[in-house]
Amino acid sequence: MKKQSRYLVIIGCGQLGSHLANKLSLAGDSVVVIDRNERSFENLSSDFSGFRIEGDATRVGTLKEARMEKADVVVAVSGSDNVNIMVAQVARSVFGIKHTVARVYEQNHQELCEKMGIRTICTTRIAAEHFLLEITGQSEQGRTSL
Amino acid sequence: MKVVIVGGGKTMFFLGRNFAAKGYRVVIINRNMEECEDLAKQLKAVVIFGDGSNAGTLEDAGTASADAVLAITPHDQDNLVICQLAVNRFRVPRAIALANDPDNVKVFEKLGIQAFSTTHIVSSLIEQRATFEEITNLMPLGEGKVNITELVIGSGSPVAGKQLKDICLPDNSLIAVIIRNNQSIVPRGPNELHLNDRVVVITLPENHGKVLKMLTGEE
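In the order they appear, the protein sequences are chains A and B. Our numbering applies: residue 1 is where the first sequence begins, and numbers increase by one. Our numbering applies: residue 1 is where the second sequence begins, and numbers increase by one.
Just chain B, same shape as in the assembly (with noise of 0.2 Å):
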């Protein structure tokens, strides 16, 4: 796996370091000299100073080879540049660009481009976790669109000592592992959800919010 990510800062230091602890070959483009001799230091990693939009600095770090590229940077329209170029020249198969303003993530999804805003990302996870005490893993899966909760049935729960089959979950919903005693188990209809079961459900955004009501009886 080859990723070639375009900006600099801190989200670009731990990403690259992530990517090549993971044994990805990456190659990191930044506009800025001293930040450049600082990442070739502590990373593994190839760096090539220059503008990434520039279709001749992505051919230089080999991008007509990469399974990815990232634009991180802070400009919202050299991302768009980045990947399209990405895409269009160099055929890249994956390129995902950070929308620095949240509204240009629905702007770059109707460009082609997939786009990610650690806004949205971030404002949701606070919400979440700030609303339900008892969650204690969280995870956004296919771009944000999915989530998987693992939380605890606490004594406030409404949906204790009932069976799955009369929890009328909403559609697109599921509780799919129930961990009680260290055991895990896919339950079915059957099955009953018990004091202190920690259960993992999958939720989407538009319902997660219900769901969680409804397993823990919170507000």
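Just chain A, with the same shape it has in the complex (with noise of 0.2 Å):
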């Protein structure tokens, strides 16, 4: 039987947005892209059968047209923090989706976003995990694996 496709909002299109939504996108998913920069679409590959919408995120305008409010799943993953953390939150109050994730640099944003119960991955503390495993052979939390 086949998979029920998933509606995906995934916002930017950089590095980890685009290969995001090449893989979902490729796995099956009904995915829109919005980043405010046309160009960075071009991180897109030919895997992705998606929507690419040209805008900024943290207008809800854009949001809509992005017709979040049927989303499954939102993945807020532009290189600004804040943005990320703003639609994670707009994503789930205003929009009432409950699966989001966004992603963050900064730890102090990590704690934040708990506090504040927005679900995020901070790329930082999971590099330095791995660097320190590296080099050390330990993990920060004394784990011998990740």
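Honestly, the hints are just simulated from the structure, not real lab data. Possibly wrong hints are sitting among the right ones.
[Stated by the list, open to error] Here are the computed lysine-lysine pairs in the DSBU-like style, where the Cα-Cα straight-line distance is at most 30 Å:
hint, chain 1, residue 1, chain 2, residue 2
1, A, K23, A, K98
2, A, K64, B, K145
3, A, K64, B, K110
4, B, K106, A, K98
5, A, K23, A, K70
6, B, K165, B, K210
7, B, K110, A, K115
8, B, K110, B, K10
9, B, K106, A, K64
10, B, K2, B, K22
11, B, K145, B, K210
12, B, K145, B, K165
13, B, K2, A, K115
14, B, K106, A, K70
15, B, K22, B, K10
16, B, K10, B, K145
17, B, K110, A, K70
18, B, K110, A, K98
19, A, K115, B, K106
Quick one: dock chain against chain with the hints and give me the complex.
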């Protein structure tokens, strides 16, 4: 039986956003990518069969255009922590999306988001863990694997 | 009173100057080195060069002991995160964000952050002033939810010579003061409005236009 297609909104079409968009689109999900810079869409491969919206994701109008209210998952991976934190909250509080995840660089921002119940992935923290493991053979928490 | 202001430009400069003149302790966070140097020379304020949406910068600014944080950068996402850090991390009692995009006023309030839009404020001021010539003074209160307006009862006014109790103003509006021959009267029902009286009215944005029309007779 074919897996039911999900509707995903991805904010930011940089390295991470385009990678996720390509993979998820290829896997059969229905994907919309938002980026304020049209040239970022050049990162999308021929695997990508979704939609692209050029616009500012901090404007509710842009998110409406992406029909965010229908999204199963909202992924905020633009290059700005603040944009990602704002969009994840707007997705949840204005559009009622339960499943949202934001990428942040700063660990302080991750703490803030945890307090507010926003799910985040801190790429700096993850990279640091990997580097430490590589350098010392031990991760920050003393674990030997990630 | 200690106020942390994050942002730049003329609005920030004059706000900072205004607060400093009132004797507030003003701390400014700005991302532009040159502007920081100018501000430090011109204002009686502590100026910090840095990113206000960074928790470390806010800490350097002594945000934990601030009575209020104002985030007025040109980027709504920055203003939101600055205020959320101020409230959640530094327990600042009042954090106010500028919503550059007027639609974000509602969004921010939904996210628990008090917001204002200069677009809203300026456009409603212009509308109100442009419509009624006899209005001499106007002040929004309570984040623009209450207006106090002073106007003159002119010859075209349909209420000149009437008693207050016979003037059916809409709910949630009030003639608070009548100024006549340099005397102020806090009026009651039997008081009359005379030609050339200056009256101070309290209105809400939804009935403001209607009340002013009733008192001035102007469309």
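Do the hints match the structure? See the list:
no. : hint            : in the structure
1   : A:K23 - A:K98   : holds (22 Å)
2   : A:K64 - B:K145  : holds (28 Å)
3   : A:K64 - B:K110  : holds (17 Å)
4   : B:K106 - A:K98  : holds (20 Å)
5   : A:K23 - A:K70   : holds (21 Å)
6   : B:K165 - B:K210 : holds (18 Å)
7   : B:K110 - A:K115 : holds (17 Å)
8   : B:K110 - B:K10  : holds (29 Å)
9   : B:K106 - A:K64  : holds (15 Å)
10  : B:K2 - B:K22    : holds (11 Å)
11  : B:K145 - B:K210 : holds (16 Å)
12  : B:K145 - B:K165 : holds (26 Å)
13  : B:K2 - A:K115   : holds (26 Å)
14  : B:K106 - A:K70  : holds (21 Å)
15  : B:K22 - B:K10   : holds (18 Å)
16  : B:K10 - B:K145  : holds (26 Å)
17  : B:K110 - A:K70  : holds (20 Å)
18  : B:K110 - A:K98  : holds (16 Å)
19  : A:K115 - B:K106 : holds (22 Å)
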